[in-house]
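Novice: Here is what each chain is made of, one letter per residue.
Protein chains: 2
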Amino acid sequence: MPVNLPVPVAANLFPVAGVRIGVTEAGVRKANRKDLSVFLLDEGATVAGVFTQNRFCAAPVQVSREHLAAGQGIRAMVINTGNANAGTGAAGLANARATCAALAKELGLKAEQILPFSTGVIMEELPVQRIVAGLPAAIANAKADNWAVAAEGIMTTDTQPKAYSRQVQVGGKTVTVTGISKGAGMIRPNMATMLGYVATDAAIAPALLQSLVKELADGSFNRVTIDGDTSTNDSFVLVATHQAGNAQITAWDSADAQALKAALLEVSRLLAQAIVRDGEGATKFITVQIDGGKTEAECRLAAYAIAHSPLVKTAFFASDPNLGRILAAVGYAGIDDLDQSKIDLHLDDVHVVVDGGRNPSYKEEDGQRVMKQSEITVRVGLGRGTASQTVWTCDFSHDYVTINADYRS
Amino acid sequence: MPVNLPVPVAANLFPVAGVRIGVTEAGVRKANRKDLSVFLLDEGATVAGVFTQNRFCAAPVQVSREHLAAGQGIRAMVINTGNANAGTGAAGLANARATCAALAKELGLKAEQILPFSTGVIMEELPVQRIVAGLPAAIANAKADNWAVAAEGIMTTDTQPKAYSRQVQVGGKTVTVTGISKGAGMIRPNMATMLGYVATDAAIAPALLQSLVKELADGSFNRVTIDGDTSTNDSFVLVATHQAGNAQITAWDSADAQALKAALLEVSRLLAQAIVRDGEGATKFITVQIDGGKTEAECRLAAYAIAHSPLVKTAFFASDPNLGRILAAVGYAGIDDLDQSKIDLHLDDVHVVVDGGRNPSYKEEDGQRVMKQSEITVRVGLGRGTASQTVWTCDFSHDYVTINADYRS
Numbered sequence: 010m011p012v013n014l015p016v017p018v019a020a021n022l023f024p025v026a027g028v029r030i031g032v033t034e035a036g037v038r039k040a041n042r043k044d045l046s047v048f049l050l051d052e053g054a055t056v057a058g059v060f061t062q063n064r065f066c067a068a069p070v071q072v073s074r075e076h077l078a079a080g081q082g083i084r085a086m087v088i089n090t091g092n093a094n095a096g097t098g099a100a101g102l103a104n105a106r107a108t109c110a111a112l113a114k115e116l117g118l119k120a121e122q123i124l125p126f127s128t129g130v131i132m133e134e135l136p137v138q139r140i141v142a143g144l145p146a147a148i149a150n151a152k153a154d155n156w157a158v159a160a161e162g163i164m165t166t167d168t169q170p171k172a173y174s175r176q177v178q179v180g181g182k183t184v185t186v187t188g189i190s191k192g193a194g195m196i197r198p199n200m201a202t203m204l205g206y207v208a209t210d211a212a213i214a215p216a217l218l219q220s221l222v223k224e225l226a227d228g229s230f231n232r233v234t235i236d237g238d239t240s241t242n243d244s245f246v247l248v249a250t251h252q253a254g255n256a257q258i259t260a261w262d263s264a265d266a267q268a269l270k271a272a273l274l275e276v277s278r279l280l281a282q283a284i285v286r287d288g289e290g291a292t293k294f295i296t297v298q299i300d301g302g303k304t305e306a307e308c309r310l311a312a313y314a315i316a317h318s319p320l321v322k323t324a325f326f327a328s329d330p331n332l333g334r335i336l337a338a339v340g341y342a343g344i345d346d347l348d349q350s351k352i353d354l355h356l357d358d359v360h361v362v363v364d365g366g367r368n369p370s371y372k373e374e375d376g377q378r379v380m381k382q383s384e385i386t387v388r389v390g391l392g393r394g395t396a397s398q399t400v401w402t403c404d405f406s407h408d409y410v411t412i413n414a415d416y417r418s
Numbered sequence: 010m011p012v013n014l015p016v017p018v019a020a021n022l023f024p025v026a027g028v029r030i031g032v033t034e035a036g037v038r039k040a041n042r043k044d045l046s047v048f049l050l051d052e053g054a055t056v057a058g059v060f061t062q063n064r065f066c067a068a069p070v071q072v073s074r075e076h077l078a079a080g081q082g083i084r085a086m087v088i089n090t091g092n093a094n095a096g097t098g099a100a101g102l103a104n105a106r107a108t109c110a111a112l113a114k115e116l117g118l119k120a121e122q123i124l125p126f127s128t129g130v131i132m133e134e135l136p137v138q139r140i141v142a143g144l145p146a147a148i149a150n151a152k153a154d155n156w157a158v159a160a161e162g163i164m165t166t167d168t169q170p171k172a173y174s175r176q177v178q179v180g181g182k183t184v185t186v187t188g189i190s191k192g193a194g195m196i197r198p199n200m201a202t203m204l205g206y207v208a209t210d211a212a213i214a215p216a217l218l219q220s221l222v223k224e225l226a227d228g229s230f231n232r233v234t235i236d237g238d239t240s241t242n243d244s245f246v247l248v249a250t251h252q253a254g255n256a257q258i259t260a261w262d263s264a265d266a267q268a269l270k271a272a273l274l275e276v277s278r279l280l281a282q283a284i285v286r287d288g289e290g291a292t293k294f295i296t297v298q299i300d301g302g303k304t305e306a307e308c309r310l311a312a313y314a315i316a317h318s319p320l321v322k323t324a325f326f327a328s329d330p331n332l333g334r335i336l337a338a339v340g341y342a343g344i345d346d347l348d349q350s351k352i353d354l355h356l357d358d359v360h361v362v363v364d365g366g367r368n369p370s371y372k373e374e375d376g377q378r379v380m381k382q383s384e385i386t387v388r389v390g391l392g393r394g395t396a397s398q399t400v401w402t403c404d405f406s407h408d409y410v411t412i413n414a415d416y417r418s
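If you read the sequences in order, they're chains A and B. The numbering used here puts the first residue of the first sequence at 10, with every later residue one more than the last. The numbering used here puts the first residue of the second sequence at 10, with every later residue one more than the last.
Just chain A, same shape as in the assembly (with noise of 0.2 Å):
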C-alpha cells in the first residue's frame, strides 16, 4: 500500500498542446502488460534530460545521451519495461540504436531525433524484434489526452501509476505543465529506474532549458531516495513545446515565469515523492529536514546518512523512537569538523535532542506519538550556519526484503 498517494483521474491530467502519447502490449517481457510507449512531439519542441550518474549506465542512456548532444531536435520517445538493456554491453548499445533507428523510419525522422529508455531485468538481452514489432500499434494508439495511460505503460513494480498535472496564467495565457514517473527501488525482478517525463507547451527559451531540468531534478527526483541504490537507466525529461501562446520566456525574474516554474518544480516533485510513497514495502513517509550547516553540500551528507541508515529506517517501521540511531547517522555522515555539543533533533514538533544531549523535557511518549504517524519530519540542525537541505524517504519494512529477495520470475 502506498503511503498517502492517490491514484491520478484521467480527467485531471491536462494534455499538452504538441505532445501526443501511444501505448500498447508488446510482450517484451511478459504478455498482456502495457510495456511499450512513445511520445510524439510536434516540430520545434524542446527537450532536456538529466540522467543516472551511475558509471555502469544503462545503454538507452549512453544514447539518449548522444542524441541529445548531436542537436537534431527531438521528436519522438520510446520507453519500454521489462528489460532495463543495462550490462548488455555493445550488443545493448546496437539494440537501443535498432529501436531508434526503427521508430525513425515509422516516423520519416532522423534516428538522431529518437531518445530511447528502457527499465527492467539487467544483464539480459534486450528483445528488440519484440519492441520493434510494437512500435505501429503504440503509434496508432498516440493521442494527446493519453498522459494516464501512459503513467501505466511505464510502470514496473510500481503498485499504481504516478502523475500530475498544474495549469498556471503566463502573459494571459494558460499554460499546462503534467507529467509522469515511475520507480519503486531498483525493483524486483531487478526493474532498476526511476524515470520522470515532464511537458509543458510554455514557450521557454531553448537555452534556458538544460539549466531548468537540472534545478527541477536536483529539487525532486535527486532528493528522494529508497534504498540508496542508484540504478543504472535513471532519467528525466523535460519537453517544452512553445505551444501555448505566450511570449517566450528568457529569464525567470518575472512573476509569471516563477509561477511557471513554480509549477514546474511541483509537478516534479510530486512525481518524486510519489515513488517514495510507493517505495518497495513503505508505510511511512519521511522528510528529512538538515538546518544550520556551512554548505548545503555537507547538509546533504546528513540528510542522506539518515535516510540511508538500516537503522533508522527500520526503526520507523517500528514506531520506535530510537532516536540514537539518528544521532549516529548524523555523526558518521561525514561532517569531518561536526561538533557534537551542538545538534538539536526535532521530530515533527517533538524537540528530542538538545546541545548533542536528551532534552531534559523529552518523553518518550512524545516520540513514540509522532512515530506512529504515516508522515513524520526530522528536523536535525548543526548548529554550523544558515545552509539547510530537505530529502525525502520512506522506511524500511519486512516487506521490503520480501520484495527484493524474491528470486526473479
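None of these hints come from the bench; they were simulated from the model. Hints may be right or wrong, so weigh each one.
The list treats identical chains as interchangeable, and a pair is accepted whether it falls inside one copy or across any two copies.
Claimed, not checked - Calculated pairs, SDA-like style, for lysine to any residue (alpha carbon to alpha carbon, straight line, at most 25 Å): (1) Lys381 x Ile412; (2) Lys43 x Ala216; (3) Lys381 x Thr411; (4) Lys381 x His407; (5) Lys303 x Gly343; (6) Lys372 x Ile385; (7) Lys351 x Gly98.
Please read all numbers here as calculations on a predicted model, not as lab measurements.
Keeping the supplied structure of chain A fixed, place chain B upon it in accordance with the hints.
Specialist: Using the frame of chain A, we list chain B on its own:
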C-alpha cells in the same frame, strides 16, 4: 544462527601473562546478566587503540582517547554492557570519568591509567552507581584464564561469544596472542558497538604499538560491515605485556616478527569476521574482493558499495544470482572515470561478466549453485590497475528487520 562460527572453547584460549580479567553481574540494565568486565594489566604493559570515526562518539571513547594520550601507563580497562553512554552530553563524560576514578581508587592507580568502554542503549544516562558498586566483585573475580568468560561478559545481542587464541615462537620463546570481540550490527536495543581486545605477552617496542594496532584494524575490523552504520562506540585495543621473555621486537623485518604479526592479524581478522558471521539476521558470509583498481581507496569504494547495497544483500539472502545489482553498485561507487566495458565479475569460480557484459558461457544455474552456499566470494575486476582490497559482509534477511524493528524492551 551465526554462519559457520564455532563456539569458543575455554581450554583453547591461552592466558596472556600479565593480563587478568574479572567479570561480574552489576545489573546495569537487566539483572542476572554478566555486564561488567575489568582487564587488569601488570605494570609495564603497553596499550594502543583505535576508535570510531563517528563524530558523535560516546563519552567513554572520548575519555579513552584522553587517557591514552596522557601517557601515564594504562593498567586497567573497564567495560560495561547495557548502556553505551553515548548522546549523553556533559553528564556522560562525568560518568565515564567517575567510573575510571572509582576503579583507580580500588586498584591504587590514577584515573588516567584506566580505559573505559560502554556498549548498549544510546541516549540514556549511565547508571554509574551500579557500575561502581559492581567493581569490587569484578576485581575479585580476576584471573588469567578468564578470556572465555569475558567474551561472554561483553556480549549484547551477540548470539554467541567470540574469542580466538594463537601461539607462535619468537626467538625460541612461546608467545601468546589472545583476543575477544563483540558486535552484531548496531544492535537492539540500539546497542551500537563493535569492541575488540587483543593481548599478547610479546615484548614489542612501545613505539611500534600504535602503528601496529592501526595496521591490524585496517586488515580486520575496518574491513567488515553488516549494515554500514558506523557506531558511536567502536573500539579496538591492543595490549602488549612484554612478559614472554623474547628479545624486544623493534622492527618487523625478521621472520619471527613477521610470524608474530601474522598471528596478531589472524586473531584480529577472525574476531572481526566472527562479528559478521554473527551479524544480525545473517545467513551467509560474503567476501567481496576488488582487483584491478588504480588505488586501494577506489577498490574500497567499490567493495563497500557492494557490501552495503540492500539490493545485493537481499539477493544473497534469496540465493538469487541477480548479479546486475552488483554491477549497478560498482557503477555508483564513486569511481568517476570507471570504464564499464572493462568490468569483470566472478562468483567464486563462476565467470559471470566479461568486458562489462554477460559472459556468453555464463549459465544461471552455475550462478545459483554458488549463491546457495553459506560462504561466497564476489570478485570484481576493475581493469584499471593492480590494487586490490577485500571486505567481509553478510546478507540481509527478514530477521535483520525483525531484530532492528523490535521495540526496545
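Novice: Checking against the hints above, which ones are violated?
Specialist: 2
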